[in-house]
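Student: Okay, here's what each chain looks like letter by letter:
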Amino acid sequence: MSNPQTDPLVQVETTCGSLLYELQIIWDEVGESEADRDKLLLEIEQECLEVYRRKVDLANRSRAQLRQAIADSEAELAAICSAMGERPVHIRQSDKNAESLKEELRRTLPQLEEMRKRKSDRRNQFLEVQEQIQDISNEIYGTAEYISSKKVVDESDLSLRKLEELHRELHELQKEKSDRLRQVQEHVSTVNSLCSVLGVDSKNILTEVHPSLGDSVGSKNISNNTIDQLAAATRKLREVKLQRMQRLQDLASTMLELWHLMDTPIEEQQMFQTVTCNIAASEHEITEPNTLSVDFINYVEAEVSRLEELKSSKMKELVLKKRSELEEFCRKTHMVPEVDSTMDDVIEAIESGVVDPACVLEQIEFQIAKVKEEAFSRKEILEKIEKWLAACDEESWLEEYNRDENRYNAGRGAHLTLKRAEKARSLVNKLPAMVDALASKTIAWEKERGFEFTYDGIRLLSMLEEYTLLRQEKEQERRRQRDQKKLQEQLIAEQEALYGSKPSPLKTQSVKKAPRMSTGGANNRRVSVGGTMIHTPKPDLLQSAKASPHSRPIRKSDRVHLNDRLNLQDDSSSVLSAGRRGLDIAGLPVKKHSFGNGNVHEGESPVMRIPFSPISSTASSKANMTNFSDELNARHSETLKNTLPTNNMQFTSPSKTASMATEENKTPKALPILVPKTPSTVSVPMQTATTPALQPVPFGIKVVEEILEEIEYSFEEMRAGFVLPKTHIKPMIQV
Amino acid sequence: MTSVQPPAPGRELSNPPSDGISNLRFSNHSDHLLVSSWDKSVRLYDASANALRGEFLHGGPVLDCCFHDDSSGFSASADHTVRRLVFSYNKEDILGRHDAPVRCVEYSYAAGQLITGSWDKTLKCWDPRGASGQDRTLVGTYPQPERVYSLSLVGNRLVVATAGRHVNVYDLRNMSQPEQRRESSLKYQTRCVRCYPNGTGYALSSVEGRVAMEFFDLSEASQAKKYAFKCHRKSEAGRDIVYPVNAIAFHPVYGTFATGGCDGFVNVWDGNNKKRLYQYSKYPTSIAALSFSRDGRLLAVASSYTYEEGDKAHEPDAIYVRSVNEIEVKPKPKVYPNPPA
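Chains A and B supply the protein sequences, listed in that same order.
Count the first sequence with the UniProt record's numbering and you get residues 1 to 735, in order.
Count the second sequence with the UniProt record's numbering and you get residues 1 to 341, in order.
The hints are all genuine.
Not close to chain A: a few residues of chain B, all C-beta gaps over 12 Å, as computed:
#1 Ser-18
#2 Arg-84
#3 Leu-172
#4 Asn-174
#5 Gly-199
Ranges between beta-carbon positions, derived for each pair:
#6 B/Ser-48 with A/Ser-193: 56 to 62 Å
#7 B/Asn-156 with A/Gly-721: 32 to 38 Å
#8 A/Glu-362 with B/Asn-156: 52 to 58 Å
#9 A/Ala-493 with B/Lys-225: 36 to 42 Å
#10 B/Lys-91 with A/Phe-366: 56 to 62 Å
#11 B/Asp-217 with A/Phe-366: 49 to 55 Å
#12 A/Arg-403 with B/Lys-225: 18 to 24 Å
#13 B/Asp-69 with A/Cys-359: 45 to 51 Å
Simulated from the structure, these hints should not be mistaken for lab results.
Just so it is clear, CB atoms sit at the ideal spot from N, CA and C, and this is done for glycine as well.
Please model the complete structure; the sequences and the hints are all you need to start from.
Tutor: And the structure:
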């Protein structure tokens, strides 16, 4: 029993020895057989071995666990290292056997911990970058890809290289983002400027593209879609701008044209300087706000339409002016303007837009040019005409002057009139030659041009012809007067023989005076003093005065006697009835013929005529005959009358009527121009005549005469089939 | 000169009478136009609107018509009646009768009387205001030497032209006998007589293409002014064709006048200066009647065959209303070249 406490095994062994001793004692006492003793001892021995085996197994298992833990942590470490792209921190080679397993484990664990921490840091970094990338690409590409790629970090590769890659990516994305932002900004500013030029609110357009663009502050959407839409909007605006610009420039050029045409004052132009200065500008040069706004264009348009209206009215004025110019020119050159359509028609046509005023203007200009050209060719003849007309005036003045009894009375200016008369006489002498020259010139002119030379719409040649005829008549008249004078002188001589006295000078005076009145008519150069139709209308109806052998000789005798008959009428009703009888007989048959109809039977002439046909020569000659017999009567009484000075005052003077009568006879030949084929604005002198003096006619005689004659009917009466009943006539006779 | 395109003859009125037009007149108050016709009707047109405003049918052809005021008028019919037409009610009543067709009718504003002339060789004056019975409306009957063909009034003067070339001038205040009895200065049957608007005389036209300008004043100075002139003639193939002058109408402002003839022409004349001012282009057929509107801006032209050649085929009857240019009717003073100094 040596110190059993110091060693438990010793203690256990002592305890076991003591126990065994004890057991021997017990057994000795009990007297257990040796066999039982051995058997029990073996049993104890086996039980002890079992306990040992169990303990060893346990220790063995714990060792294996330890080894596993070490291997695990080492493996993890290695994995982390490889993921992070780092070399493994610890390589267990140097003193592998030197350390116990537990030590090794203790050493490995902190390393692992640290690596884990580093790894999680790295991962966070990755996440952060990726998140940023995600954000940016979301911004760029829209939200579609957002969820799908959320937070997928590749755990296997967390190396710095990868991180760097990601950073690069991020950087690129950031760059793109800023690029896009700039782009969007640019677009927005373009839109803004375009809108300001076009006068449109840009905010509407921008918010339509994307609501975020409307705000001036805050982030802007920069997706592809937005940019595309912005570009489209810009394009659209630009197109609109181009259109408007085109429009405005068109308007501006029209405006400039109109200004130029109408000499618009600068002040008025100034207001539209902004418009016209852009006339040649290209699209990008127009930046002024509102220059292309709808309102502004409308404003300009209104101005242009105002100017155009002004122009059209001015055009109208111009047309009118030109037209009056043409008319004035024609009037000056005694030509008849060609176009007769009234100005109202033209204006109406212009207003209705049927005719372009410029076209009308051109036409008128053309006409003016034509007329001017023609006027130039007419100039020479016109000058001659003026001279001739002036000479004619002088001639008529001279005639009147010659008739003035007191012409030689020395009054104020008498010497001047004398001088004028002298001049006029020489001028009158030259007249025939003048007329001849003028006629030949005119004929030559007409031949050259192929159309008639007209003066105020009347053919010059016929004027000349008329004039020569008039002149001839005058000469004849003069001759006749001379004859008459002779006759009077003879009568006076007879009277003197009878009464021994001369008639008062009053008579001659009145004769002298009367012709002066007629010169009033003669003065009117181109006026052929139309007949009083005391005579038969035969010469009128018998147009071809030249062709008819009757007209000429009759005319001469007529003229002499016609006035005689007139005088008779003036004088006394008793003579008148005789005169009238003759007149009626002469006149009526012709009348009936010329407008004859079936109802009326012509007593005196068996020949029936269709309306408007010329009278046959038999009828006219008959008329002449009756006239002639009348005239024979008349002449006698006239001579008587002329001797009675008291009656003379009432007379229509002989020479006056004479000229009228001759004129009438002459007219058919001299006046074909009076019915021009085309209407003309030129006023044409009438074929006038002073009608014979009128005397109240007693009723009774008339009625008797009517009954003796055939009853005349008007067209209306014929149409209505109205026949005068005899009962109507009867009471009238008694009136 | 060269060819001239004919200007339009004026606006043709729609719904013209279906037979010859005997007369037409513009109202003194508006642009209404009263038209009488052989188709037994009187029609009222609004000339400016080209619209038919009323139509009256008579027992016989209507030979003349005139306005009373803008709401009523009178007509003279070949059925011997004188009728009053009230436009607003489209009503007519017979004012009185003649013994033969009534040729012409005139209303005198001065006397407030209606004057009618008939082929029964009388003139009758009517008072349309006492319109209860024939005995009361008839003021007087005045025998005429012949059938009345044309009447014209100015102021208190009445000029009556009859067959047989008589012309009687009456003072409406004393109708017992004519103030003047005249014979027409023209040798042929009188077609139309119209007084000058200034009241100094009258123009008278005959069937033989002539118009006489006469003066009432019998003094020598006045009578010296009278004259006659030829018109509405045509020379064709060496023959002179002379047409009747059916109508005369004086311009109310300028005193110039238009004449219309069976040649289908309307001429405008300046009586004072003895000039023709204008000739309108030819109308399809005879000019039966003419009338200037109250302001002289319109001229109504009846283009209607007047049976001068009996019953024959002819152009349809038409009424043209043309606007009158001042230049066509304004008198042009004579232009003389300056006499040599």
